[in-house]
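J.: Sequence:
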Amino acid sequence: MPPKKSKTSDAKVPKTSSRKRKRENENDLPAKVEEKKSAVQSYSHWIMKSEPESRFENGVDLKFGIEDLKKCKNQTDCWDGVRNYQARNFMRDQMKIGHKVFFYHSNCKEPGIAGICKIVKESYVDHTQFDSKDPHYDRSAKKDAPKWFMVDVKFERMLKRFIPLSELKSLHLSHKADGGTLKNMALFTRARLSVQPVTQEEWDFILNLENEEKT
Numbered sequence: 001m002p003p004k005k006s007k008t009s010d011a012k013v014p015k016t017s018s019r020k021r022k023r024e025n026e027n028d029l030p031a032k033v034e035e036k037k038s039a040v041q042s043y044s045h046w047i048m049k050s051e052p053e054s055r056f057e058n059g060v061d062l063k064f065g066i067e068d069l070k071k072c073k074n075q076t077d078c079w080d081g082v083r084n085y086q087a088r089n090f091m092r093d094q095m096k097i098g099h100k101v102f103f104y105h106s107n108c109k110e111p112g113i114a115g116i117c118k119i120v121k122e123s124y125v126d127h128t129q130f131d132s133k134d135p136h137y138d139r140s141a142k143k144d145a146p147k148w149f150m151v152d153v154k155f156e157r158m159l160k161r162f163i164p165l166s167e168l169k170s171l172h173l174s175h176k177a178d179g180g181t182l183k184n185m186a187l188f189t190r191a192r193l194s195v196q197p198v199t200q201e202e203w204d205f206i207l208n209l210e211n212e213e214k215t
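Counted from 1, the sequence shown has number 215 at position 215 by the UniProt record's numbering; the numbering is strictly sequential.
Check each hint, because a few of them may be wrong.
Taking lysine to aspartate or glutamate pairs in the EDC-like style, the calculated list, with each CA pair at most 20 Å apart, reads [claimed, not checked]:
{"no.": "1", "residue 1": "K118", "residue 2": "E156"}
{"no.": "2", "residue 1": "K73", "residue 2": "D144"}
{"no.": "3", "residue 1": "K183", "residue 2": "E201"}
{"no.": "4", "residue 1": "K118", "residue 2": "D138"}
{"no.": "5", "residue 1": "K121", "residue 2": "D68"}
{"no.": "6", "residue 1": "K169", "residue 2": "E210"}
{"no.": "7", "residue 1": "K100", "residue 2": "D204"}
{"no.": "8", "residue 1": "K100", "residue 2": "E210"}
{"no.": "9", "residue 1": "K100", "residue 2": "D144"}
{"no.": "10", "residue 1": "K183", "residue 2": "E167"}
{"no.": "11", "residue 1": "K176", "residue 2": "D204"}
{"no.": "12", "residue 1": "K109", "residue 2": "E67"}
{"no.": "13", "residue 1": "K160", "residue 2": "E213"}
{"no.": "14", "residue 1": "K100", "residue 2": "E122"}
{"no.": "15", "residue 1": "K100", "residue 2": "E53"}
Label-pair restraints from in silico Cβ distances [what the hints assert, rightly or not]:
{"no.": "16", "residue 1": "G180", "residue 2": "S42", "range": "20 to 28 Å"}
{"no.": "17", "residue 1": "R139", "residue 2": "A177", "range": "41 to 49 Å"}
{"no.": "18", "residue 1": "S132", "residue 2": "N184", "range": "39 to 47 Å"}
{"no.": "19", "residue 1": "K142", "residue 2": "D178", "range": "44 to 52 Å"}
{"no.": "20", "residue 1": "K142", "residue 2": "G180", "range": "12 to 20 Å"}
{"no.": "21", "residue 1": "S132", "residue 2": "Q75", "range": "26 to 34 Å"}
{"no.": "22", "residue 1": "K143", "residue 2": "E110", "range": "37 to 45 Å"}
{"no.": "23", "residue 1": "A177", "residue 2": "E57", "range": "37 to 45 Å"}
Derived from the structure by calculation, the hints contain no laboratory data. Don't be surprised by glycine CBs; every beta carbon is placed ideally from N, CA and C.
All chains should be modelled from the sequences, with the hints used to inform the complete structure.
T.: Structure (structure tokens):
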């Protein structure tokens, strides 16, 4: 999902090394349908996916793991490059300052939750949509009618242990059978989204996992 070697759209956005989150197809879901869905329930916890391993697109390295966020000025950076309407709507319409986020490593050898960050700046225009040299450029976006938005996130802490997707998937499958906490987790029911809501119950359950030894 995010940036490039330098970001200049907002004075408050720190410069970082190149980074891009998991890219999605903007045509996955119609905007109006997704706006209705995102309005059904309000959330204050999220999963946001990013790629911790190098992958080049148009000559730009999309790598941006949680360690990269830690290296940013004030351990804060913008979360740009989201190109899916539902994910955009979550960021634009529901994310508020103080909301907590699981930083999820995706498209890598072992995907999973690496740590926690929080929202420190609410939705504003994603400048990469206007940059023809950026992998997330959208020729249909207009400066007087932007399509894509982003938020700023700040690193909080690493999890006590990395929680891999394989472990979460196993729990999800068992919870589907017995009605457990993770039975409807968006990580599996809306797997393609790089920005996903997490219920308070799911958040608390996953936090408890970091204190358990992986079996």
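J.: Can you give the numbers of the hints that this structure goes against, from lowest to highest?
T.: 2, 4, 9, 15, 20
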